[in-house]
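Please model the entire structure based on the sequences and the hints provided.
Note that the protein sequences, when read in sequence, are chains A and B. Under our numbering, think of the first position of the first sequence as 398, with each following residue one higher. Under our numbering, think of the first position of the second sequence as 181, with each following residue one higher.
Think of the hints as simulated: they come from the structure by calculation, not from any bench. Ideal Cβ placement from N, Cα and C applies to all residues, glycine included. Wrong hints could be hidden among the right ones.
[What the hints assert, rightly or not] If we take Cβ atoms under 8 Å as the criterion, some of the chain B residues that face chain A in the derived model are:
| hint | residue |
| --- | --- |
| 1 | Thr239 |
| 2 | Asn241 |
| 3 | Val244 |
| 4 | Glu430 |
| 5 | Ala477 |
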Amino acid sequence: MFAPRLYWRLFESLNLAFWPLQLGIVLAGVAWLGWVWRDGVRPGRTAARAGLAALALGWVLTAWAFLWQRLAPIHWLAGDIAPLFLLQATALLALALHGAVQGQRDRLRRAAGLALLLWALLLHPLLAGLAGRPWVQAEFTGLASDPTAIATLGLLLQLRGPRWPMRALWIVPLAWCLLSAATLWTMGSAQGWVLCAALLLAGWAGRRG
Amino acid sequence: MPTPASAFTRRRILGYAAAGLALPWLGAAAGAQADAPLTRRIPSSGEVLPVVGLGSWITFNVGVDEAARAACVEVVRAFFAAGGRMIDSSPMYGSSQPTIGFALARLGRPAALFSAEKVWIGDAARGPAQMEASRAYWGVARFDLMQVHNLLSWQQHLPRLFEMKAAGQLRYVGITTSEGRRHADIEQVMRTQPIDFVQLSYNLLDREAEQRLLPLAQERGIGVIVNRPFREGALLQQLSRHRLPGWAAEIDCAYWAQVALKFVVSHPAVTCAIPATSQVAHLRQNMAAARGRMPDAALRSRMARDLAAL
Numbered sequence: 398m399f400a401p402r403l404y405w406r407l408f409e410s411l412n413l414a415f416w417p418l419q420l421g422i423v424l425a426g427v428a429w430l431g432w433v434w435r436d437g438v439r440p441g442r443t444a445a446r447a448g449l450a451a452l453a454l455g456w457v458l459t460a461w462a463f464l465w466q467r468l469a470p471i472h473w474l475a476g477d478i479a480p481l482f483l484l485q486a487t488a489l490l491a492l493a494l495h496g497a498v499q500g501q502r503d504r505l506r507r508a509a510g511l512a513l514l515l516w517a518l519l520l521h522p523l524l525a526g527l528a529g530r531p532w533v534q535a536e537f538t539g540l541a542s543d544p545t546a547i548a549t550l551g552l553l554l555q556l557r558g559p560r561w562p563m564r565a566l567w568i569v570p571l572a573w574c575l576l577s578a579a580t581l582w583t584m585g586s587a588q589g590w591v592l593c594a595a596l597l598l599a600g601w602a603g604r605r606g
Numbered sequence: 181m182p183t184p185a186s187a188f189t190r191r192r193i194l195g196y197a198a199a200g201l202a203l204p205w206l207g208a209a210a211g212a213q214a215d216a217p218l219t220r221r222i223p224s225s226g227e228v229l230p231v232v233g234l235g236s237w238i239t240f241n242v243g244v245d246e247a248a249r250a251a252c253v254e255v256v257r258a259f260f261a262a263g264g265r266m267i268d269s270s271p272m273y274g275s276s277q278p279t280i281g282f283a284l285a286r287l288g289r290p291a292a293l294f295s296a297e298k299v300w301i302g303d304a305a306r307g308p309a310q311m312e313a314s315r316a317y318w319g320v321a322r323f324d325l326m327q328v329h330n331l332l333s334w335q336q337h338l339p340r341l342f343e344m345k346a347a348g349q350l351r352y353v354g355i356t357t358s359e360g361r362r363h364a365d366i367e368q369v370m371r372t373q374p375i376d377f378v379q380l381s382y383n384l385l386d387r388e389a390e391q392r393l394l395p396l397a398q399e400r401g402i403g404v405i406v407n408r409p410f411r412e413g414a415l416l417q418q419l420s421r422h423r424l425p426g427w428a429a430e431i432d433c434a435y436w437a438q439v440a441l442k443f444v445v446s447h448p449a450v451t452c453a454i455p456a457t458s459q460v461a462h463l464r465q466n467m468a469a470a471r472g473r474m475p476d477a478a479l480r481s482r483m484a485r486d487l488a489a490l
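In C-alpha cells form, the structure reads like this:
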C-alpha cells in the first residue's frame with residue numbers, strides 16, 4: 398500500500414505535466430453534449446462515433462500517463478492493468494470505426510448516462526477541492542482513471558449498438574470502478590462511495606436495455 | 181566504496197558489543213546512558229543491534245515523487261545519525277526498495293546499515309531472481325538478513341536461504357508474519373528450522389505473541405523483529421486523544437510513540453522493533469525510545485492494563 402497523500406499527489410504531477418489539456422477536455426466534453434442536444438437530445442451516429450473515439454484516446458492517455466508512469470511504481474497491480482486499459486481503448490476505437498452505433502431510445506437510460514457524463518466531466522474534478530486537497534490534484538476525464546471509467550459508463554448508457562461488443566465494453570470500466578473503490582476505502586477516503594454510486598446507477602440503468 | 185558487509189569491521193562489532201554489555205537487560209529506572217541506544221544481541225551470533233530499527237511499509241513507497249523521495253532520504257539520514265542500523269523492506273512494498281537504495285546512495289552507503297529483506301514469491305524457482313533484483317535496488321553487496329515473507333512457500337525458500345548463508349551470500353535467515361496470522365505455522369518453523377530471526381506483530385494491544393512465540397524464541401535462541409508496533413499508526417491515533425499517564429515520565433517518555441515502543445522493546449525476547457515513518461520528527465521520537473529508562477516487568481503489566489482500559 399501507499400500513503401494517501403502520495404496517491405493524491407499523482408494527480409498533481411499529472412495535471413502539471415498536461416496543463417492546459419484539462420481545459421480542452423472539459424470544453425470538448427461540453428461541446429459534445431451540446432452537439433447531442435442539437436441532434437435531438439440523443440446522440441446521432443456521428444456524435445456517437447466521435448464520443449467513442451474521444452474516450453478511446455482518453456483510455457490510452459490514462460493507461461500511459463497515469464497507470465503506467467505514475468501509479469505503477471507504488472501500486473503493484475497498476476502495471477498489469479494498463480494493458481487492459483489499452484484493450485478498452487482499442488475496443489472503443491473499433492466500435493467508433495465500425496459505425497453501427499446510434500443514440501439510445503430509452504429515456505431513463507439516456508438520462509442516467511447524461512448524469513454520469515456530467516459528473517465525470519464537471520463535478521468529479523471538484524472533489525479534490527471539496528475534500529480539502531489542493532485544486533491542482535483534481536481528477537479529469539481522459540487523464541485520471543476514475544472519471545474516465547465513469548464517463549465511459551455514461552457514454553455506453555447513451556448508445557445502442559451491436560449487443561456483445563457493447564456489453565464487452567462495460568467490463569473494464571466496471572472492474573476498475575470496483576478496484577478503485579476498494580483502494581479508496583482502504584486509504585480511508587470517502588471518495589470510494591462516488592464510484593460505488595456510479596456503479597449502482599450504471600448497473601440499474603444498464604439493465605433497462 | 182566500502183560495502184556494508186566489508187565495512188562491518190571488528191572494531192565496529194566490538195563497539196556494538198561493548199554497548200550491549202554496558203546496557204544489558206534493564207529494569208525500571210536502571211539508569212541507561214542518555215546518549216547510547218539500548219542494544220540487544222542477536223542470539224545466534226552475539227552481534228548487537230540497536231533495539232529500534234526502521235520499517236518501510238507504506239512510508240517509503242513513494243514512486244517517482246521527488247519531494248517524497250527527498251523526505252525519505254532525510255528520514256534515513258536522521259535514522260543513522262541517531263544510531264540506527266536495521267532497515268527492513270520487502271518486494272511487496274512497492275517502490276520502497278528503490279527508495280531505500282536512493283537514500284543509501286545519497287548518504288554514501290552508511291557502514292552501520294543492517295539490511296533486512298524478504299523473499300516474497302510463490303514460485304520458489306523465481307526466488308533467486310527476486311532477491312537479486314532486491315539487492316540491486318538497495319545497492320548492497322549482500323543482505324545481512326533475508327526473511328521468507330509471510331511464510332510464502334517457506335518449505336521451498338528456506339533450504340535455499342540456508343545454502344546462501346553457508347556460502348556467505350547473506351548473514352542471517354528468518355521468517356515473517358504480521359497481524360497475528362499463522363502463528364501455529366510460525367511456531368512449527370521455529371521448532372524445526374535453524375532460523376536466526378522471526379518477525380511478527382506485537383504491540384500494546386496485540387499481545388498474542390507473548391503466549392508462545394516470544395518464550396519459544398528465547399528458548400530456541402531466535403532473534404525477534406517486531407513489526408506494526410503502532411498498528412500502522414492506528415494505535416497512536418487512538419492514544420493521541422488521551423494525556424500521557426504519570427508513569428510515562430518514569431521511563432523517560434514524552435510521546436505516546438515512545439510509550440508504545442518501550443513496551444515492545446523492553447520484552448526480553450525482542451531484538452529490534454521496526455516502526456515506519458516518513459517524518460524526521462517522528463523518526464527522532466521513535467529513536468529516542470531506545471534511550472533512557474525502560475519499564476520493568478511490573479510496569480509493563482501496568483502499561484498494558486492501563487492502555488487496555490483507555
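Hint by hint, here is what the structure shows:
no. : hint   : verdict
1   : Thr239 : holds, 7 Å
2   : Asn241 : holds, 5 Å
3   : Val244 : holds, 6 Å
4   : Glu430 : violated, 34 Å
5   : Ala477 : violated, 36 Å
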